[in-house]
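Dock chain C against the given chain X, drawing on the hints supplied.
There are 2 protein chains.
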Amino acid sequence: MTDKRLSPPRLPAEGEATRRGFLKGGLIGSAALAGGGLLSSAARAAEPDPAIMEKKDWNQFLGVGVDAAPYGQPSPYEAHVVRRDVEWLTASRESSVNFTPLHELDGFVTPNGLCFERHHGGVAEVDPAEHRLMINGLVDKPLVFTMDDIKRFPRQNHFYFLECAANSGMEWRGAQLNGCQYTHGMVHCVQYTGVPLKLILEEAGLKTNAKWLMAEGADSAGMNRSIPLEKGLEDCLVAFKMNGEALRPEQGYPLRLVVPGWEGNMWVKWLRRIEVGDMPWHAREETSKYTDLMEDGRARRFTWIMDAKSVVTNPSPQAPLLHKGHNILSGLAWSGRGRIKRVDVTLDGGKNWVEADLQGHVLSRCLTRFYLPFQWTGDPLLIQSRAIDETGYVQPTKDELRAVRGENSIYHNNGIQTWHVRDNGEVENVEIS
Amino acid sequence: MTDKRLSPPRLPAEGEATRRGFLKGGLIGSAALAGGGLLSSAARAAEPDPAIMEKKDWNQFLGVGVDAAPYGQPSPYEAHVVRRDVEWLTASRESSVNFTPLHELDGFVTPNGLCFERHHGGVAEVDPAEHRLMINGLVDKPLVFTMDDIKRFPRQNHFYFLECAANSGMEWRGAQLNGCQYTHGMVHCVQYTGVPLKLILEEAGLKTNAKWLMAEGADSAGMNRSIPLEKGLEDCLVAFKMNGEALRPEQGYPLRLVVPGWEGNMWVKWLRRIEVGDMPWHAREETSKYTDLMEDGRARRFTWIMDAKSVVTNPSPQAPLLHKGHNILSGLAWSGRGRIKRVDVTLDGGKNWVEADLQGHVLSRCLTRFYLPFQWTGDPLLIQSRAIDETGYVQPTKDELRAVRGENSIYHNNGIQTWHVRDNGEVENVEIS
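Those protein sequence lines, which keep their order, are chains X and C. When we follow this note's numbering, the leftmost residue of the first sequence carries the number 125, and every step to the right adds one. When we follow this note's numbering, the leftmost residue of the second sequence carries the number 125, and every step to the right adds one.
The shape of chain X in the complex, shown without the other chains (with noise of 0.2 angstroms):
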């Protein structure tokens, strides 16, 4: 609370007290949860104007042809949908990190453009024709592969999201930043397409200590990890495509590994190397940085599985109320260990629960949206969501977070987020306990 390093950056809607322990009591109102009841319970359709028909040029828009674009762009209109950063919280440009929109997005799929990046140094800007990639170490006959050669191996398609292992993770001791694309915007989710590691690795042959995976990226960082070579055989991807079209620089282009449900970390972008071990490599990435300080001065480590967690997307900081009446609230859920089973929704901070509905297909180890109907009479509201998975895992509040890791950690944040909706419908980020 006190470190001056987690200053947050402010933003417009911003009130004064978003810190812990702020509305600790009840001073929320009255909030209706509506199954049915349309928008005829808030009246907001004019009837038109029967002149309005005889107009040929009523709500008519001229335009432009085809060649405009061959790639094509969104709509000026949206120019204020975009990937964003803060500032403060890594030392270089290089080494930052560029945050999903997510309370502008709806469905379970993010667009390339807006995908959250996390780089070590920097985006690498690599030729395929150059590219290649090595596996060496303990396999019967180290082999090198182009891109070419790696398109000739079978192939697969999966949604599954990736998330940092720090998404949240500024706030550990508190409220620190308002706005979802903030607290929970290093979080992206795309239909990938990729060469099963198992096969690339067969294809060199496995010698029978093989134990490891290091996967090592062609960045200027050489960003590598560990792996378990039990993951590497089950459900790893060597991926070449994200939403059809070839992987975004920023994602890795052309290669980047694919480790479904764990952390992003992991999944080593502009891959150039596998090589197979018999022990971990305790590289930095998985020994100074991606462990959780506890509070007795150990460390948690080899933390790869991300747990379930939620978040209401809209409203939120970025995305106020802006209609008394019948309103759609929505949101995303995920766990690493597999599908998302419920989704409960407080107005009240926790006094009644919901279950909100699950919409459009629930994959596993992929954003699975949800929504909830409500009727907001102008009350202030305390939102939070809780998200279940199908192992019977339960997403923690932050409080039992801290009363078993302490508050040294920065990664693996899935506690319960709490947004306080004022009676003018602007949103903050609180704590409540």
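For the record, the hints were derived by calculation from the structure and aren't laboratory data. Nothing here was measured: the structure is a model prediction, and the numbers come from that model. Treat the hints loosely; a few may be bogus.
Because identical chains share one entry, a pair is satisfied inside a single copy or across any pair of copies.
Below, a list of computed lysine-lysine pairs in the DSSO-like style, where the Cα atoms sit at most 30 angstroms apart [as the list claims (entries may be wrong)]:
id	residue 1	residue 2
1	Lys335	Lys465
2	Lys475	Lys335
3	Lys265	Lys448
4	Lys355	Lys475
5	Lys448	Lys335
6	Lys475	Lys331
7	Lys355	Lys448
8	Lys475	Lys265
9	Lys475	Lys413
10	Lys322	Lys475
11	Lys448	Lys322
12	Lys465	Lys331
13	Lys265	Lys335
14	Lys413	Lys265
15	Lys465	Lys265
16	Lys413	Lys448
Frame of chain X; chain C shown alone:
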């Protein structure tokens, strides 16, 4: 064949004889279909030079930071992966079509920047704050909705393909265009988010004699189509997002109608009005256009459903075979009647058929990706694919289509496509019968 208007554009890879009837004999040599046997059979991958491991900067690239592109773009090495048009096809740029580069994609999601577009009066440039949707005609209470109003209705998320009725239309009289981007690229597939049209119609209240809907766009063409009320109530969406973000301008930003499984022209873009009536409107686009002229001078109309279809995207004229030995054949199948049940592939012009692998999710009225591993000996191939949907419908040959509908048609050509692979790996569009 003698119609000058059908003169096709020529691509560099194209050969001389691409017309119907070509290769009518048995010119095709051997090609082995391979279920197992991976890359090793082709011995493509190289063994690493031990010295390479001593070089710290082996395969290493410097890069830029995260602020380079808040809305991300593809790699400069992918600059050739764009939509393309066919200049002679339409009279103006405002009324033209831009084709999806299917041969460059994988999985079943089309990235938003590459979704094919077709306009009848250019791309309307709509300010979402000014845009309105009117519901009028045989309703209890005509209504006008703002975009905000619409977003307060319950939403759904669905992956659907959108195919223009004219897709492959230039091929009715024989093989014309060289590349699946041109022969089959009037199709795309994204995750749509929208409000069931049923909810919006119910808000206005349907009169008892309501039987038809007329959907009308806010473009300068005022594009409109009649749709049976039954379909509108069953599964149509008033959509505002594609692949998570706002619709792209050329896809109807900020609002389009989604008519699952039915021809793309009915998916009215820049949707400004839905009128409820008791009979069809017989608008321009359902009388002089989007009907099929039969041999006897009568026209088929109201042929809304897009029947089962498939195409091999790799290899294809824009994506030649580069290597002998092991290769992965890849393609797309879809049906407006439901799920794809099976795709058969032949490499020898129909003598032998093998079932392809449907990979990834197989969803109703969504593109389905299929693969087939095969060994290429260097002999010529005649590649075809044949889709079968869950209703048992089997994709017909082009000759079977012509036997029923003659040669005057443009729309609804779902005939089996043939690619001729030459001994040098080049591929051309041909017909065999």
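Verification of the supplied hints:
no. : hint            : result
1   : Lys335 / Lys465 : neither (33 angstroms within a copy, 40 angstroms between copies)
2   : Lys475 / Lys335 : neither (49 angstroms within a copy, 47 angstroms between copies)
3   : Lys265 / Lys448 : between (67 angstroms within a copy, 22 angstroms between copies)
4   : Lys355 / Lys475 : neither (41 angstroms within a copy, 42 angstroms between copies)
5   : Lys448 / Lys335 : neither (58 angstroms within a copy, 35 angstroms between copies)
6   : Lys475 / Lys331 : neither (57 angstroms within a copy, 44 angstroms between copies)
7   : Lys355 / Lys448 : neither (49 angstroms within a copy, 33 angstroms between copies)
8   : Lys475 / Lys265 : neither (62 angstroms within a copy, 40 angstroms between copies)
9   : Lys475 / Lys413 : neither (38 angstroms within a copy, 59 angstroms between copies)
10  : Lys322 / Lys475 : neither (48 angstroms within a copy, 35 angstroms between copies)
11  : Lys448 / Lys322 : between (54 angstroms within a copy, 24 angstroms between copies)
12  : Lys465 / Lys331 : neither (40 angstroms within a copy, 41 angstroms between copies)
13  : Lys265 / Lys335 : within (17 angstroms within a copy, 69 angstroms between copies)
14  : Lys413 / Lys265 : neither (33 angstroms within a copy, 62 angstroms between copies)
15  : Lys465 / Lys265 : neither (44 angstroms within a copy, 40 angstroms between copies)
16  : Lys413 / Lys448 : neither (46 angstroms within a copy, 46 angstroms between copies)
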